[in-house]
Structure formats: C-alpha cells, structure tokens
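Q: Sequence:
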Amino acid sequence: MKDRKTIQRIISKYLKKKTNKQEEDQLFSFYKHIESQTEEWDETKHGNKKIREYIIWKKIDKTIADKQKIDKPFQFLFRPSMIAAVAIFLAVVLMMDFQNLLEIREPQAILVRPGSDKAILQLADGRTMYLDSATSENLSFATGGAIQMLEKGILSYTLRNGAPHDEGINTITVPKGGKFKLLLADGTSVMLNASSSLSFPTNFSGKERRVKLMGEGYFEVTKKVTKAEKVPFIVETDKQIVTVLGTTFNINAYQDEETVKTTLIEGSVKVSPTNRNTSIILNPGQQSILNNKNLTFKQVDASQSIAWKQGDFAFDDMPLEEIMRQISRWYDVEVSYEENIGKIKFGGSISRSKDIQEVLDVLKLTGIHFNLKGRRIMIKP
Numbered sequence: 001m002k003d004r005k006t007i008q009r010i011i012s013k014y015l016k017k018k019t020n021k022q023e024e025d026q027l028f029s030f031y032k033h034i035e036s037q038t039e040e041w042d043e044t045k046h047g048n049k050k051i052r053e054y055i056i057w058k059k060i061d062k063t064i065a066d067k068q069k070i071d072k073p074f075q076f077l078f079r080p081s082m083i084a085a086v087a088i089f090l091a092v093v094l095m096m097d098f099q100n101l102l103e104i105r106e107p108q109a110i111l112v113r114p115g116s117d118k119a120i121l122q123l124a125d126g127r128t129m130y131l132d133s134a135t136s137e138n139l140s141f142a143t144g145g146a147i148q149m150l151e152k153g154i155l156s157y158t159l160r161n162g163a164p165h166d167e168g169i170n171t172i173t174v175p176k177g178g179k180f181k182l183l184l185a186d187g188t189s190v191m192l193n194a195s196s197s198l199s200f201p202t203n204f205s206g207k208e209r210r211v212k213l214m215g216e217g218y219f220e221v222t223k224k225v226t227k228a229e230k231v232p233f234i235v236e237t238d239k240q241i242v243t244v245l246g247t248t249f250n251i252n253a254y255q256d257e258e259t260v261k262t263t264l265i266e267g268s269v270k271v272s273p274t275n276r277n278t279s280i281i282l283n284p285g286q287q288s289i290l291n292n293k294n295l296t297f298k299q300v301d302a303s304q305s306i307a308w309k310q311g312d313f314a315f316d317d318m319p320l321e322e323i324m325r326q327i328s329r330w331y332d333v334e335v336s337y338e339e340n341i342g343k344i345k346f347g348g349s350i351s352r353s354k355d356i357q358e359v360l361d362v363l364k365l366t367g368i369h370f371n372l373k374g375r376r377i378m379i380k381p
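Position 288 of the sequence shown, counting from 1, maps to 288 under UniProt numbering, and the rest follow consecutively.
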C-alpha cells in the first residue's frame, strides 16, 4: 500500500490524464483495499461520516460489479461505466481524510486493553489540563493553588503562601478507561475510579472542607484543627452526605447503580441522605447502603470494596449486570443484552490489568455467552 502523498500524486496525475498503466493499477488496487475493509461497520465507533463513506463505496462497487465479467472481477478495464465509477471514487477520495481510511480495521481486530492513568482537570479560572499526557512536574498555577505532577497518575494540589481565600471550584474528571489519584491542599488523598469526577475548592477555608463526588472514590482524609476546633471533611454526592474528621473510606455513587455504598476502612463517618432527616454512623468494616427507600448498613469484607484501588476486580456474589457495568467503565466498552439473562450472580476476582478477553473468559464460567466485537459486547444466555 502506497503512502498518502503517493496516492494523492497519482490522483492528481489521473485527473490530468497523465497516468501510466502502472499508476492506474496502483490506484485501482488502493480502491479495492478500501472496499475490502468496509464489509463490516461499527456505527457507534465510526459515526455518521463513516457510514456515508461506506454507502458511497458500496455504490461504487455495485457500479463496477454490474459491468464487469464474472470470470475477471478485478481486471482494470476502462469501459465507460468503469471510468464513471472511478471518477466518483476519485471525487470522494479527494474530500476524505486518507489517513483515517488507511487506519480503518474490522471491529474484531481491535484489541481492548485495560484502563490507565488519565484525567481532565478543569481549573476554576477556566483552563483545562489533560493529565494523561502531562510530562512536566510543575504543570501550572490555578487561582490560589500550585499544581504539580508528583509521578504518573498522581496529581498534587497545594496552596501558595499568601493565597487568597476565594473559593473557586476545580473539577477533576476521570473518563471511562481511566483512574487517577489527587492530593488535595489539606493533605487528603483521593483515588478516583473510571467514569468519576471530584469537584473541590481552590482553598479550604471556613468551618468545613467540602468536595463533591460523582462515581467512585477512595478517600484518605487528614485531620485538620483550626483554633482548637476540628474542621470536618464532607463528601457530597447526589443522594447523600458523608461527614468525617480523619479517616479512610470508599464511596461508590455511580448514577447508573441502584444504590450508593459507603465502606469504612478506618476511623468513623456519618452518612446522611440528602432527602431525609436521618443518618447513621459507621465503624470500620461496615458499609452503608442507600437506595430510594432506605438507608441501611452491614458488616462487610472491606477489601472487596477497595479491590479496584489495588488493581483488581472483586465480585462477591455480584449480579452479572453490575459486573458488566464495572467492565464497561474500566475498558471503555458498550454492553448490550440479546435476551433477558435472569438473576445470574458471580463470585471471584481477577486483575484489572488483564485484557478484556481474559476477563470475559472467566465470566463464561457462568454459562453466559459473550460476543466481543470491536468495543461492543453482546451478551446472551
């Protein structure tokens, strides 16, 4: 396959009727190469533009096929219909991004790898920083704070001496297929799981330290005392508020899950629903479960809840649909169900560093069939 410049040069010569037989053969081979790679199409990945391209290619192919002899399907003959088809082809090619066409592969050829360290930081002053590609130790200065990349996957946000006491809001967002660790100005560390975000002020001032979580985060909160008064650390989600003084805990508050789960590792926390005048205080090893009706708690193996932080999936008699939501976030894939699979549950653990096919092979032990095609998984009994 010739490179982009070579193909463009041949197209230009052809339009001027200056190509020789060898160049014409190369041009037709290029067309056949593109046509052969559009037999199957992942609409969710390539979008409407690619679908339009696909339709054009199929029309070109049909024009040629209708006029060619069956026993010579690839012979390059300049019949009137062929010239018309190639002319359409050339016009389309000139409007397309050649590099994208050369990179098209059938969906099955995509290797779906596990997630990695990446995040997007939206600063209070409006600037946006893409942290997966950051290489400098001293990245920038936000209003009232200094930002440093300590090492890959760990961002430190600290206050400068004499920083103003404004309370602009920064937001760090971890996309599907990512994770990231943030050290806040008070020394608190937060590890964010895939499809999660944390909003935090540029300066913790006043009588509380408040952040807002969407998704899942693991917190190691430092104690803070001002004028002999303890300053609580508050984590707010859409459905609950967790108040702590100095402790370690995990919150799972994804919007596509039926419950919000808070698991305490060390210390003590108070969990309060936002829409009810009630609360519970957790002790280490306990987990609160909040749904639309009730706030309850139970004793759990806390290591199961924070296995993701250690680099593992841990499923303790977990419904398959909940398992697949975790896999969807971490590997950035779409999951659909051909039929109702019923209430299947699975127990076990596997490293999140494995390729997705290895994980699916383990889940096949449930008797369920998984069809991985590109970045889509079809599940059927």
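Among these hints, one or two may not hold up.
[Claimed, not checked] The calculated DSSO-like cross-link candidates involving lysine-lysine, where the alpha carbons are at most 27 Å apart (straight line), are: (1) Lys230 - Lys212; (2) Lys230 - Lys207; (3) Lys298 - Lys207; (4) Lys118 - Lys309; (5) Lys309 - Lys345; (6) Lys152 - Lys239; (7) Lys261 - Lys176; (8) Lys373 - Lys118; (9) Lys270 - Lys293; (10) Lys239 - Lys298; (11) Lys118 - Lys176; (12) Lys293 - Lys261; (13) Lys212 - Lys345; (14) Lys212 - Lys224; (15) Lys152 - Lys293; (16) Lys230 - Lys261; (17) Lys239 - Lys223; (18) Lys261 - Lys223; (19) Lys212 - Lys176; (20) Lys239 - Lys212; (21) Lys309 - Lys298; (22) Lys212 - Lys270; (23) Lys345 - Lys364; (24) Lys261 - Lys373; (25) Lys176 - Lys380; (26) Lys239 - Lys261; (27) Lys118 - Lys230; (28) Lys380 - Lys309; (29) Lys223 - Lys207; (30) Lys176 - Lys207; (31) Lys239 - Lys309; (32) Lys224 - Lys207.
No lab work stands behind these hints: they were computed from the structure.
Q: All hints, please: hold or fail.
A: Hint check results:
no.: 1; hint: Lys230 - Lys212; result: holds (20 Å)
no.: 2; hint: Lys230 - Lys207; result: holds (8 Å)
no.: 3; hint: Lys298 - Lys207; result: violated (31 Å)
no.: 4; hint: Lys118 - Lys309; result: holds (15 Å)
no.: 5; hint: Lys309 - Lys345; result: holds (23 Å)
no.: 6; hint: Lys152 - Lys239; result: violated (32 Å)
no.: 7; hint: Lys261 - Lys176; result: holds (20 Å)
no.: 8; hint: Lys373 - Lys118; result: holds (25 Å)
no.: 9; hint: Lys270 - Lys293; result: holds (18 Å)
no.: 10; hint: Lys239 - Lys298; result: holds (19 Å)
no.: 11; hint: Lys118 - Lys176; result: holds (9 Å)
no.: 12; hint: Lys293 - Lys261; result: holds (14 Å)
no.: 13; hint: Lys212 - Lys345; result: violated (32 Å)
no.: 14; hint: Lys212 - Lys224; result: holds (19 Å)
no.: 15; hint: Lys152 - Lys293; result: violated (41 Å)
no.: 16; hint: Lys230 - Lys261; result: holds (26 Å)
no.: 17; hint: Lys239 - Lys223; result: holds (25 Å)
no.: 18; hint: Lys261 - Lys223; result: holds (23 Å)
no.: 19; hint: Lys212 - Lys176; result: holds (19 Å)
no.: 20; hint: Lys239 - Lys212; result: holds (11 Å)
no.: 21; hint: Lys309 - Lys298; result: holds (21 Å)
no.: 22; hint: Lys212 - Lys270; result: holds (16 Å)
no.: 23; hint: Lys345 - Lys364; result: holds (12 Å)
no.: 24; hint: Lys261 - Lys373; result: violated (32 Å)
no.: 25; hint: Lys176 - Lys380; result: holds (24 Å)
no.: 26; hint: Lys239 - Lys261; result: holds (11 Å)
no.: 27; hint: Lys118 - Lys230; result: violated (34 Å)
no.: 28; hint: Lys380 - Lys309; result: violated (30 Å)
no.: 29; hint: Lys223 - Lys207; result: holds (13 Å)
no.: 30; hint: Lys176 - Lys207; result: violated (35 Å)
no.: 31; hint: Lys239 - Lys309; result: holds (23 Å)
no.: 32; hint: Lys224 - Lys207; result: holds (10 Å)
When each numbered hint is compared with the structure, violations occur for hints 3, 6, 13, 15, 24, 27, 28 and 30.
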